[in-house]
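Visitor: So you can see what is in the structure, the chains are spelled out below.
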Amino acid sequence: MKMRFNCAAAVGLAAIFTGLSATSAAEVSVQIQPKTFPTGRGGQLSVTVTGGKFDGTPSPRVPDDVILRPYGTSQNIQLINGQLSQSITQNFIVSAREPGDYTIPSFEVRVNGKILKTDPVSFTVTAGSPPPGLSNPSGGIQGQPQGGGTADATASESFLKLEFPPRARDHLYVGEMAPVRIKAYFPAQSRVSLQSAPRPEGEGFTLHNLSEEPEQSMEVVNGQQYRTVSWFAGISTVKAGQYPIHIALDATVMVPERSSSRRMRPPSFFGNSFFNDPFFDNFFDNAFTQLVPHEITLSSNGDPLDIRSLPSEGRPENFSGAVGDFTLGSYRLPADATAGEPRKIRVTIEGRGNFDRMSAPILEPGSEWKTYTPKTEFKPGDATSFSGSKTFEFSAVPQAGGKQEVKLAFSYFDPSEGIYKNLSSPAIPLKVDGTAAPSPSPSAVAQATAANGSATPTAGDPGQSETEKPPVDLAPPRLTLGTGLPVLTTRAARPLLWTLIAVCGLLIAAGFVVGNLRRRRSDPHRIAARRFEHAEGEALARAESAATNGDAVAFFDAARRALQTRIAAAWNRPAESLTVAELRHRLPSDSPAMSVFRQADAIAYAPQATLDQFDGEHWRSILHEALSEVSNRPSSSPPSPQLTLTS
Amino acid sequence: MKALHLIPILLLSFALPLLGAESSTSFSKGNEALASSDYQAAIDAYENQLKESAPTAALFFNLGNAHYRLGDYGPAILAYEKALVLDPHAEDIRANLRMARDRATAFEEHSVPFWMSPFFWLSLEEWALAGMIALVVLAIVSVARGLAGEKFSRAPQRLLVVSSLTLLLLAITAVASRHEELDRGIVLKSGAKVRLSPFATADVVATLPAGRTIQIESEHDGFYKIENGWIADGDAEPVYALTGSGD
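If you're matching them up, the sequences are chains A and B in order. Residue numbering for the first sequence follows the working numbering, starting at 28 and increasing by one per position. Residue numbering for the second sequence follows the working numbering, starting at -4 and increasing by one per position.
Since the hints were made in silico from the structure, they are not lab data. Just so you know, even glycine gets a beta-carbon here, dropped at the ideal spot from N, CA and C. Any given hint could be a false lead.
Said to hold, decoys possible - Straight-line C-alpha distance at most 27 Å; calculated BS3-like pairs for lysine-lysine:
| # | chain 1 | residue 1 | chain 2 | residue 2 |
| --- | --- | --- | --- | --- |
| 1 | A | 430 | A | 458 |
| 2 | B | 24 | A | 371 |
| 3 | A | 402 | B | 220 |
| 4 | A | 406 | A | 434 |
| 5 | A | 188 | A | 144 |
| 6 | A | 406 | B | 220 |
Unchecked claim - Derived list of chain B stretches under chain A, where covered just means 3 residues or more per stretch with a C-beta under 8 Å from a C-beta of chain A:
| # | segment |
| --- | --- |
| 7 | 48 to 61 |
| 8 | 109 to 123 |
Stated by the list, open to error - A few chain B residues facing chain A, derived, Cβ under 7 Å:
| # | residue |
| --- | --- |
| 9 | 19 |
| 10 | 29 |
| 11 | 229 |
Build out the structure end to end from the sequences listed, making use of the hints.
Guide: Right under this line is the structure:
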C-alpha cells in the first residue's frame, strides 16, 4: 500500500514538474515593500521571475545614495484555475542615506538564456528620526537592552559589550596589550547581517589581531534570549590619559513587524487563550509577519580607562618598549668568530605581552659587535596573539680580535609589578680571530639599516642613523653589451631544453634500432640460415611434386637434398662436409632419415629394382618424420668425415 | 642520412632567437645616465634594452650597479645574480654582488661537502650545456652508427661514446645535486611580507629583508610559494628568469 502511494506521489510530482516546464513564456516583475520608509530603515526589493529561472543573480543599478544588499531567494509554486505556475524571487534590502524620492531604473535580467527587462520602481525615504536607541551615522546603540513591542524597539535591543579578563589593577600602561572579547547581542528572533568587523573609535588605543571567524551562540540576558557574536582581539594603549574604549560595529537587523502580526492573529474567545503562548507568537510571526530591515551601528560604551605612562625611573638603557611578562627562550651564540666576518645569532623570547612592539635582544659587549636588522618570526599562543613566542635572527660582526664573553640581554616592563626587568643569557667565553674588522664600515651599517627599513638595535654604533652615500668602490660598469648566448637553464628555456633532450633521446634510440636491424641483416649465420631455408624449401617442393606424380627418382633426389640441408642447418655445418659414416654414427639405423638415405642410395644405384614398389604417400610422411627428427637431434657429436655423401 | 641534417637545424632554431647582433642604443643611454649619476634613468634604459634584445651579463651587471647606487640592494643583488648566470666566472660581478650582499646584510652561507666540490667548478648553465653537448654527440654517434653501419670505424665510436657518457653522467649528477639553485629567488623589497596563503589579505607569518635568497617552490595567482608561506611576486623574483621582470 505504501509502495503504491509512493508511486502515485512520484507520478504526481513528475506531472507537476512536467507541467511547470511546459508553462508559458517567462515574465519578470519588481516591487518594493514598503514603498515609503524612514532613513535608517529599509525596504525589500523583490525581483520575481514567473515561468523560468534566473541565469545568475540579477544586479540592479541603483542611484548613488541608495544602498542595495542581496537578501536571498525564495520560490513559490501555485495552482490557479487548474494551471500550475512557478515563480522565483531574488530579494534585496534597499535603503538610502538621505531622505528623498528614488527610482531604481529598468535593468536587464537573464532568464532561461533570454534577456528580460524590468520596469522602473520608485520608493520614498522620509526624514523620520530613528527610534530611541537606534543609531544614526554618528552614534550607536548604547546601554542595556530595552523592552518594546515594535520592530524598531526590537532592533534597539541589540547592543555591544566588551569583556576584559579579570585583573588586579584598574589601569593600563602605555604600550601594554590587553586581551578583550567583543560581544554583540542581537534579539533571538531577528535575522542579522554584519556589515563590518568591530572597529576602534576614539583615541588612546588601537585594536590588534581581531579574530577572523567570530563565535556565535545563544544567551539569555535579563530573561530575554539573544543571539551573540563574539570576537577576540587585543587592545593596545598608545597614550596616557583617561580614554573610554569605543568599539563600533555595523549590522543590518531584520526584525518581524510585531504589531501587524498581532493584528492578524486569531481572536481570543477565552481571554488568556493558548494562542498567547510564545510558541504561537513565533509561529504566527514567521507565517504572517513581514521582516523589517534596520541598518544599525552598535557601539560599546565603556567606562574611561586609566592609561598611565611608563615610569622613567629604573628604565634600562636597552629598553625598547616591550611590556608584559617574558622569558628568554632558546638562543644560539657563535662558538667561534673572526673579526669582520658576520655570524648568525638566533634568540627566542616567550611570554605574554605586546610582541608587536618588541625589538631584538642585544648582543653584549655591544661595543665589540655590530648587529644588523633581525628577521623575526612570531608564533601566537592564543587567538589574540597576546601570548606566544617571537624569534629573532640577526647577523652580528665582531669588530676586533681577542677574547671576550658574549651574552644576550633583554629588558621589558612588567605592568603587574610596575617595574622594569632584565633578562640575560649566561656569558659564553669566545675567542675572536683576527685583529681589526676590515668591513663593513659604519656607513655600511647605516645603509643596511636603511635598506631594511627599520631601526636596528646596534649597541655601540652611534652612527647607525646616518645615511651616507655608498663609497665608490664598485667594479665599474661594462661598456659593451656583449652577445646574448643561448641560456638553457632559464625558466623560459626549460621547455625547449626538455624538448631538445627528448629529441636527442629519440635519435639515440632510433640509431640503436636502425643499427641493430642492419647488423641482423648482415649476420653470416642468419644469411646461411636463410639460404638453408630457401634450399630446403625448394627441395621439399620438388619432393612433394615428385611424390604426387609417382616419380621415385626425382622424389628421393629431392628428399635427400632437403634432409641434407636440414641436417647441415641443425648441426651448423656446411652440407658438403656431411659424410655417410657420420650420419650412420649419429643417427639410429632405423631412423626415418636413414631410411630415406638408404632408399635414395638404392634408387641411385639400382633404379629398376625399386621403382615398382614406390609408394609416394608413404615416403612423403617418412620424409616429414625424418625432417622433424633431424631438427630435434642435438648437434654436439664430433664429426668423423670418411665418405662424401652422394648428391 | 636526412636525420643527420635535422640536428644542426634544431640547434640553430633553438639558438637563433637568442643570438644575433643586437641594437645597443638603450644600453649606451643607460651607461651615459649611469656616468652622470642619473641612476633611475639608467635603470629605465637598461630595462628597455632588456625588452629589445636578448639578455647579456653586461646588461644585468650595469643594471645591478645602477640599483646599487640608488641603495636598492634587493634588485641590485638580483641583477648581479642574473649576470652571474650568464657569465659565471666574472670576478667583477662576484665582487659587486658581495658588496651588495654586505650592504643588504643578506649574507650567503655556502658549505659544500668535499666530494661535491667538483660539481661547483662549473656553473649550472655550463653543466647543462656540457650535458646537452654530450647528449647531442651521443645522438649523432648513434644515428651515424645506425646509418653507416660497419663503415663507421669502432675506435673513434667507442671514444666518443665513453667520453660523452662520462660527461653526461657528470652533468646529470651536478645538475641534480644543485637543482634547487634553479628555483632561487631574491627578495626585492625590504620588509616583504610572507603570508600564510596566497591572498593579499592573508595573515603575515614573517617579513623578509631585501636581498634575502628564497627558494621558490611553486607559483599561484601572483604569489610565490616559499618555505614558510607565500610572497607576492612583486616582492621577489626568480634568478633564473632572465628578463626584466621574470619570464
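Visitor: Honestly, which of those hints from before does the structure not fit?
Guide: 2, 5 and 11
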